[in-house]
Structure formats: structure tokens, C-alpha cells
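**Student:** Turn these sequences into a full structure, and let the hints steer you where they fit.
In case you want the letters, here they are:
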Amino acid sequence: MSRKLNYREAMREAMHEALTNDPRVFLMGEDVGMYGGTYAFSKGFLDEFGPERIRDTPLSELGFVGAGIGAALGGMRPIVEVMTVNFSLLALDQIVNSAATFRHMSGGQFSVPLVIRMTTGAGRQLAAQHSHSLEGWYAHIPGIKVLAPATIEDARGMLAPALADPDPVVIFEHAALFNMEGGLPDDWNVDISSAKVRRAGKDVAIITHGGSLPKALAAAEQLAAAGIDAEVLDLRVLRPLDTATIAASVAKCHRAVVVDEGWRTGSLAAEVMARIMENAFFELDAPVARVCSEEVPIPYARHMEEAALPQADKIVAAVKGFFA
Amino acid sequence: MTDHHAAAPPAGPVPWDKAFALKLLADMVRIRRMEEKSAEMYGAGKIRGFLHLYIGEEATAVGALHALSPEDNIVATYREHGHALVRGMGMGAIMAEMYGKREGCAHGRGGSMHLFDKATRLFGGNAIVGGGLPLAVGLGLAGKMQNEKRITACFFGDGAVAEGAFHESMNLAALWKLPVLFCCENNLFGMGTSIERAESQTDLCVKAASYNMPALKVDGMDIVAVHEVTKQAAQRVRAGEGPLFVEYQTYRFRAHSMFDAELYRQKAEVEEWKTRGPIHTFSARLKAGGKLTEEEFLAIDAAANAEVEAAVAFAEAGTWEPIEDLLKDVHTS
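In the order they appear, the protein sequences are chains A and B.
Using our numbering, the letters of the first sequence correspond one by one to residues 4 to 327.
Using our numbering, the letters of the second sequence correspond one by one to residues 51 to 383.
Please keep in mind that the hints were generated in silico from the structure rather than gathered at the bench.
Here a beta-carbon is modelled for each residue, glycine too, at the ideal position from N, C-alpha and C.
Errors might be hidden in some of the hints.
[To be verified] Have a look at the derived ranges for each label pair, beta carbon to beta carbon:
| id | chain 1 | residue 1 | chain 2 | residue 2 | range |
| --- | --- | --- | --- | --- | --- |
| 1 | A | Glu281 | B | Lys378 | 22 to 32 angstroms |
| 2 | A | Leu92 | B | Gly99 | 24 to 34 angstroms |
| 3 | B | Glu121 | A | Glu51 | 29 to 39 angstroms |
| 4 | B | Leu377 | A | Glu51 | 37 to 47 angstroms |
| 5 | B | Phe70 | A | Met37 | 47 to 57 angstroms |
| 6 | A | Met307 | B | Phe100 | 46 to 56 angstroms |
| 7 | A | Asp194 | B | Asn197 | 34 to 44 angstroms |
| 8 | B | Ala311 | A | Met307 | 49 to 59 angstroms |
| 9 | B | Phe70 | A | His19 | 49 to 59 angstroms |
**Tutor:** Here's what the structure looks like:
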């Protein structure tokens, strides 16, 4: 059995459950309370849980992300919502220099059980300062885990294990997914350690995550019509990467294209490709391809923005290149 | 180059019983001797990396920390050896950490700038200027949400006042009335840049007041004043009045770090400030009040030196963390 809900409702349910089950959990961020959440993820929470636990913050990303770290050190289990990844740049010092380092640098004395959630991605004509996909930057940092829920099940299920994790976890929620509807099976079971095959295939592995997953699945359907059986692998966990599952898909399909909304240079896609070289080189029938964002500040005009981002037709073209 | 003239040395009777007064004097001497030995060991190549000495500023950490409770949280900077010691970390664990030895408080992973101690609730040793302030706000928030009695004392320098983290933290703490005591150790220089060259408003208490936060200014070279003001401030924070800002006006006698030619201040200025040195002025006041004899001072000094020698021996005898443990504790499990 399953029931239908959208990504937003799934994430809202996950937070509601966490707030209900654990008095140490609280939600803090810009407009999470009275406004109901920038994307209405926490609508009604303020009335239900009160202003201590649904804590509206000033526009003060460095301050309240750091405060989340401090509160975690002090025994709480904060969920800090940074409105978007774009504004998280203002808080990078606290994430990179404090949250990620404390456990190791203190000789194992202090863990930081903190969850940071942020919206990521382009596709809504918000122009260059509101369209970043910087998951790859975060995935570069030892000491934090990086998650990218791209399905209803993951939106519903990744938060609880992230909160149970004794170390900092950063969750990237792609804005293009928020209204996506899907079925949530009653027996859903979600981990924060593995990559998952979302569509099994044998001719090519399309390896992706986050907002690019629906595009990869759409591309796979188009390819099926052309007689190419594509596998779609959802990375889900961007740090640490599930190298074994990536290598297994490549070993099965012998061709791979990596799809990543980050810019090509120094991207997460580049890391995935390197791991394929290290772990599955002799399984390859062709050089690994990738579809990334063009190396340009993301423009406002719709046609230009679409041209800058990975799209299903670009993925199809990349795959067809293997069979030309 | 602006001259920072020193006021008259701290003077007057010490309103404390002898045992307490000598305890605080001994802690200042312990810091002084430990820091002198650290500089020596740096010269000998035993300590590497950055080393920032607290010499001259001892009255601030000693006076302030003795006004706090063991359950309170402490957040400090990279000039924190003295704070760690007064808080109760063993001098051996501090010295071994600076040596990079496994027996150090953080197994040699942090070094001089990153002393951590769960037992005494010392949350670093934070080496990004201003980086500790948001953490202190969060620790204060956690304390308030869990109805704890503890307060959080956050030490930082005047340099941090120019950082956004300072302003964001002051605002959050005041907005949410958090039990945080902001302890600003104003030694007049952010590394080599004097406060006049860094701040449009050099009266730091005015900044605190702009956040609707009570602010107190105290002579950081006068341990009596430091202790009494901090005690009063901590009581107010603990009583739920919200955060409070204390500016300790102090002075660093040594270079910023071990790589500092001190081109930014006059030697005469340093010498003038040394006339206000916290140890000799406090000793003189105690002697004048009949609470200290020269023999007692020499005994305190000898004990400090013996402790330093034992700490060095402990660090020397320490071991290196095995390279197999390199990745241990990047994550908890």
C-alpha cells in the first residue's frame, strides 16, 4: 500500500515527526515561524510547537548557523534552515571551520549533531545570485555528510537518520522538486549511506542526484523509445559517495554519463568520474561523459537559463553519442 | 602610529581574604611561567605552528574565570592557554598539546590554538577571529531551552569586533535574552592593526549598547576590578537579565605571535604598559596590605616553575598518535 503526497508535504511530515518525538529538536531559520516557511515547509508549526522551538531568526546566516552548532554542542538537536544555498555562503565559515572540524580537532571530545537544510538549484528564473548548485563544494569537506533527497520517500525519510547522526549533516532540497507528487509506500525504508538505482537498465548508466533526477528519468524514457535501455542511478548521499554502487552500475552498463547541475569545472561530476576511473576503468566501453551546467552565472531570461542547465535532451544527446 | 598611554598602575587595598588572593596571584604566575616556557620551547623547535602568548593579560583570564562556576561554558580564542589552565586543564595536557603529542588535550590535533576540554566545558580554542561568538550564542540558547543554570562566557579580542560574526552574535543574544557573557579582551591591537586604525567607534561599549545590551568597562590589568566586575556581570546573566558585555582593557606585552617584528608600536609604549603589569602591581598591593610576604611570593613562583618543569617533562615523555589514527574522529562512528 502507498499514499500520495508531494515533496513539500513529505518534508513537512518528517519535520513534524522529529519535533513531536524529540524535545531536543527545534527548527531555526529565516521565516520558519510566523511566515510558515519560505516554501511553506513549516506552515502551522509555530502554533503547534511554540516560538521557542520554531524560532524565527533575523537575516543573519553566519550568526544563526553558528548558533545551531553551539546549540548542538550544548545538547540540543537543531534543524537549521538556511533559506537557500546562495545565502549559505554567508555561513560557510561556521560550517567549514567549526561544524566540520570540532570532532577531529578536539581529539574526539565534541561532536556536532546538527542538521542544516537548504534549498538549492536553478530553473525558476531567479538569475545569477539565487540559482546556485554548490553541493559539490560541501561534498568536498571532511567532517560533514551531504544529502540530496530527490524522491518523495527520501524527502520523508532522510531527516530522521540525519538527526540521529552524531555529526553535522547538510541536506540539499532542490526547488524544482517541491511540487513533485508521488506515492509513499507504507513500508518505506530510507538510509543515508547508499546510492539507489531508480530505473534499472543495461546499456548506459546515467548517474545523477537532486533536481536532475527527474530530467535523467525523462531522458531514459526517450532513450527507451530509441531502443537504448538506460539505468538511472540516484547518488542521494553526496558525501560520503557510495563508490561501490557507482562502480556496480558501470560494470553492468559499460557506459556512463554523469549529470550534475553544478558547473563542470571542479564539480561533483568530476569526482564521480574520477572514482569510475579508479574503480571501474576496465569495465568501460567508452570514455565517461557528463552533462553539467554551462560555465556562466545563471541568467534570468528563460531561454538562456534553460540553455545553461542540464536538460533531458542534453542527456539524450550525450548518451546517443556513445552509440553513434 | 597612535600612542596608547597607560593610566596609573592599579593600586589600593585588595578586598579579599588572603587565601583567595594568593590563589589568584598563583594562577597569574602559573600562566606567566608557562607562557615563558612555551616561547622557549618554540625557540627550541619543540612547539611549532602559531603560538600566541598571553603574557601581560593574565589578570583578565584569572580574574574573570574565578568569577564563574564549573558548570558554565567557556568559549575562547587562539590566545587561550591561560584560560585553559585556570579553568582546570592540567598544564601537562596543555604543554603536550603544544608539542603535538598524543597526551595533549586533543591528542596533538589542535596544537596551541585549539585547546578543548569537555571536563571543564572549554569549547575551544577557536582560531577564526570572531568564530567563537556564534557558538557561544548557541550554547547559551541550548542552556536556556533546557532550563540550565549555566551561563556561557565567550572570550574574544578587540579584533573580533570588526567581524560580522560579532554583530550578528550580539544581536541574536540580546534579541533572545540569552545567558551569554561577552568578554572582550581589548589589548588595543588586532594582530598589528591598532584599534584606531580598525574601528570608526573605538569605544566598544557603545557598540554593545547599540544592541540594547548592558556594557561594562574595566581595567583589565587590575585583577581586583576584573574579578569584581565579572562576578557582578555573571550574576546578572545568571539571574536571567540577558547577555552582558564586558570590555577588559588590557595589553599584550609580547609580540602577536612568534612571527612579529612589532613594527606597529613603540617600545616605549610597551614599557609604559609594563608598569601596569598585573602580577607585580597585584603583588605590591597585597604586600602593602600585609597579605603577601616576599617569601610567599617566591614560594608561589617556585611552585609555578616546578609545575612548568613537570609539564615539559610530561610533554617530552609523551608519544605520537599513530598514523593509523589519522582519520579517527573525522566522524563520531
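**Student:** Work down the list of hints and note, for each, if the structure agrees.
**Tutor:** Quick rundown of the hints versus the structure:
A hinted range of 22 to 32 angstroms for the beta carbons of A/Glu281 and B/Lys378 is consistent with their spacing of about 24 angstroms. For A/Leu92 paired with B/Gly99, a C-beta distance near 28 angstroms keeps the hint of 24 to 34 angstroms intact. Look at B/Glu121 against A/Glu51: about 32 angstroms separates their beta carbons, and that is inside 29 to 39 angstroms. Taking the beta carbon of each, B/Leu377 and A/Glu51 are about 42 angstroms apart, inside 37 to 47 angstroms as hinted.
The beta-carbon spacing between B/Phe70 and A/Met37, approximately 50 angstroms, falls within the hinted interval of 47 to 57 angstroms. Between A/Met307 and B/Phe100 the beta carbon distance is about 48 angstroms. The supplied range of 46 to 56 angstroms therefore holds. Look at A/Asp194 against B/Asn197: about 35 angstroms separates their beta carbons, and that is inside 34 to 44 angstroms. Restraint check, B/Ala311 to A/Met307: a C-beta distance of roughly 54 angstroms satisfies the suggested window 49 to 59 angstroms.
The hinted window of 49 to 59 angstroms between B/Phe70 and A/His19 holds, with their beta carbons roughly 53 angstroms apart.
The structure meets every hint from the earlier list without exception.
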